[in-house]
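Please arrange chain V on chain W, whose structure you already have, making use of the hints.
Just so you know, the protein sequences line up as chains W and V, in that order. Start counting the first sequence at 1; every next residue gets the next number (the working numbering). Start counting the second sequence at 1; every next residue gets the next number (the working numbering).
FYI, nobody ran anything at the bench for these hints, they're computed from the structure. Only a predicted model underlies this, so the values are computations on that prediction, with no experimental measurement involved. Be a bit skeptical, because a hint or two may be false.
Pairs count within a copy or across copies, as identical chains cannot be separated in the list.
Below, simulated DSSO-like cross-link-like pairs (lysine-lysine); rule was C-alpha separation at most 30 Å, straight line [as the list claims (entries may be wrong)]:
| no. | residue 1 | residue 2 |
| --- | --- | --- |
| 1 | 337 | 315 |
| 2 | 321 | 348 |
| 3 | 79 | 391 |
| 4 | 240 | 272 |
2 protein chains.
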Amino acid sequence: MSQQVLDYIAKNKNHFLESLKQVIRLESISAQPAKKDQVLKCADLETKILKEIGLEHVQLISTGGYPLVYGDWLHAPGKPTILIYGHYDVQPPEPLDLWKTPPFEPTIVGDNLYARGSSDNKGQHFSHLCAMEAYLKTVGKLPVNIKVVLEGEEEVGGGGIDKYVREHGKFLACDAVMISDTDWFDSERPAISYSLKGLCYFEIGVTGPSHDLHSGLYGGMVRNPLQSLSWILSKLKNEKEEILIPGFYDDVKPIAPDERKDIAALPFDANKVAEGAGASRLISEGTFSSVETNWCRPTLDICGMWGGYEGVGSKTIIPSKAGAKVSIRLVANQDPKKIEKLFVNYVKSLSVDGVKVEVHTHSSGIPFHVERENFFVQKTAKAYETALGKKMVFKRLGASIPIAAVFQSVLKVPVVLIGLGLPDDRVHSPNEKMSLPNFFDGIKGAALAYEAFAEENAKFKS
Amino acid sequence: MSQQVLDYIAKNKNHFLESLKQVIRLESISAQPAKKDQVLKCADLETKILKEIGLEHVQLISTGGYPLVYGDWLHAPGKPTILIYGHYDVQPPEPLDLWKTPPFEPTIVGDNLYARGSSDNKGQHFSHLCAMEAYLKTVGKLPVNIKVVLEGEEEVGGGGIDKYVREHGKFLACDAVMISDTDWFDSERPAISYSLKGLCYFEIGVTGPSHDLHSGLYGGMVRNPLQSLSWILSKLKNEKEEILIPGFYDDVKPIAPDERKDIAALPFDANKVAEGAGASRLISEGTFSSVETNWCRPTLDICGMWGGYEGVGSKTIIPSKAGAKVSIRLVANQDPKKIEKLFVNYVKSLSVDGVKVEVHTHSSGIPFHVERENFFVQKTAKAYETALGKKMVFKRLGASIPIAAVFQSVLKVPVVLIGLGLPDDRVHSPNEKMSLPNFFDGIKGAALAYEAFAEENAKFKS
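So here's chain W without its partners, still in its complex pose (with noise of 0.2 Å):
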């Protein structure tokens, strides 16, 4: 590793930090149709950062909606190409009473930078921008080819990137993926995701009589759209937390052993999480742990429900219509085609007579999984190891990033997930942060890692 390239990281804190903060001012909340100017702004300076640095061939690309940003540097022969991705548009800031400080005007208090988008996504993409200058400021070249891809529209499901990804996979072609948009284990514990769930969302809906009917007039005689909803909700999972869609589970990979002895290892407290929830306890599938159900295993629920009299006191009819949604989270091997299919069949099945039951899809997206043992994930563990002077924690994640699972597919290359984000950063929510020490030591990791990727470039086309 050059030593060079480490001093200038050491020197240009300030200077990094001042342009990360100019990024974070602009409100670009995709969301909100009156920022459209600001996030547009924020995707020009952007640019204006990937030439500074000194990335070539940097440009907009149109989507239809808010443009990706693009910029390569390509003269690394015979090294690995990495991607990377991130994204320059911010939640909602919204309920702006509960922020201490203004939440587009990046306040620094001990050793976080308070700020909308400082963690998600603004500061952990920037690392690796800051990692490029630093290359590319002193050695004058990278020690890999990259290409950079930053998205405008993560923030409201952003399809414009995923048919932008798989019409120009040749465009894109790399030999890896690198996110940074990702949390730590805890905050003593760095960690890389190789594991996201996939999504089906569906839409249930019932419909009885064609108007709600007296309970007294006509009970016993005309099937009611929630009891019969309910027949079908309460058999889609049992209290052992098991999916009863049968064929559900075929495709489902078991743990192998040394992964659960892994997440058995890792000091998960099921009290502290259970606290954080709310929760009175943790549960969790058959006989696995609370983390293997949630990380390891398809999970599924009812985000919502409904039907007949909601407000206050008795109304007693049986209604016309009832409906319900429902999530399920799939892990890597399901096909989300496949589980939809077998969850429309299932429903229609468990339908009774009296009632019309109908299913929408809302939504799919497929599982992602990295093998830990793949070199460019090992190859970053250790980078950000040493830069972070921390023991890297390998996990899933229950949740779903549909564009790594994207990636993966269109590119057919591995895709590191790479978090700097903490537990308690409140992306998202009021108050959000990005602690200091991981923006910096995560600017080495980055540089690091791309040396690595370097340095045995016969192993990585495995």
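Quick look at chain V alone, frame taken from chain W:
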């Protein structure tokens, strides 16, 4: 039967109608505080009418809310005493734009009188007052002793009269109660309803985590209140519509073979009922017919349910809370207090770990049943058959009229529910109407019934 009385009724149709119209014009909407004056004016007008008829001890009886209107005539020693119940309050007329004629300006179109309250219940109870007038203005006396009690809070659940009856059983002592507040079997078949359902109404609340959780970050680890609630609700009934609460059917008497035969002989048109409900078909409990289920078997309905996200699109959460409202209609011999205990214990027993389940009882009402062979029932049937020129149907009703059961249980007398409404009277809806032939023939029917009660006074004390 005195021909004088019948002649008076025949000659005074217009006078009766004008008197009824005066009562109808008052907007006695007990649910709307702004109409308080109108409700009280209506009570005053009814007392005025009772006095004009020739009743004695006419008074307003305060029960805390709107007063009872009371009057009696007790100069038939050795003859039975009949308590006539009705209510002078009406449902709100809204939605007003659906009325074809002004709701409080009684309008005759063809054979019908259109107005709010015309059928429910001003026209129906007024038939009794007119019959009394016909006696007192001709022969100068009634064939039986009569007590009239008119309530002003029936449409708002009226607890006032319930308490009053329980505390003043001696004052209201009688040999039978007559109520005209029900309807015919169909447009050609007048009916006595000899059985009404009791009612238990519950609200179930399930609380899980203290706030909505991310279904990815907590899926499988935190118990879902909507899933937990669906497990509970799914076990209230099975798909054969059998109620699964242990002990629930213990006190339910089998339907007598002759009653089953009578019910089967009625021209109950399942297709027409399904069409009216906008349902694809009727269902029933086990091997009972649909009409047997609704009339003679206890029924259970989920009247409302809620929890989580009910808006458009997808929101991936484990909701913090879920709730449902459940109505149970009881048949004769079932005790609401006992059923309440069985229900609460059963629901609690279905509760799973990780959530808190609470059950709140909104209301309960005892079921009502009178023997079809009862002296007053039989006499009433014959009298109205003569007056209406149509054969009487004995039917049960799946709905509840709690005061009927209270009269029966407190005063220990039979209650005769002789309906003058037609199934298409649109009570509680816009364009409510009362059939004028039913109103006038109902006056005759009441007169003939009073006389029939007096004829064989030895038999009523059975």
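Going down the list of hints, with the structure as the test:
| no. | hint | result |
| --- | --- | --- |
| 1 | 337 with 315 | between (41 Å within a copy, 20 Å between copies) |
| 2 | 321 with 348 | both (16 Å within a copy, 27 Å between copies) |
| 3 | 79 with 391 | within (27 Å within a copy, 99 Å between copies) |
| 4 | 240 with 272 | within (22 Å within a copy, 45 Å between copies) |
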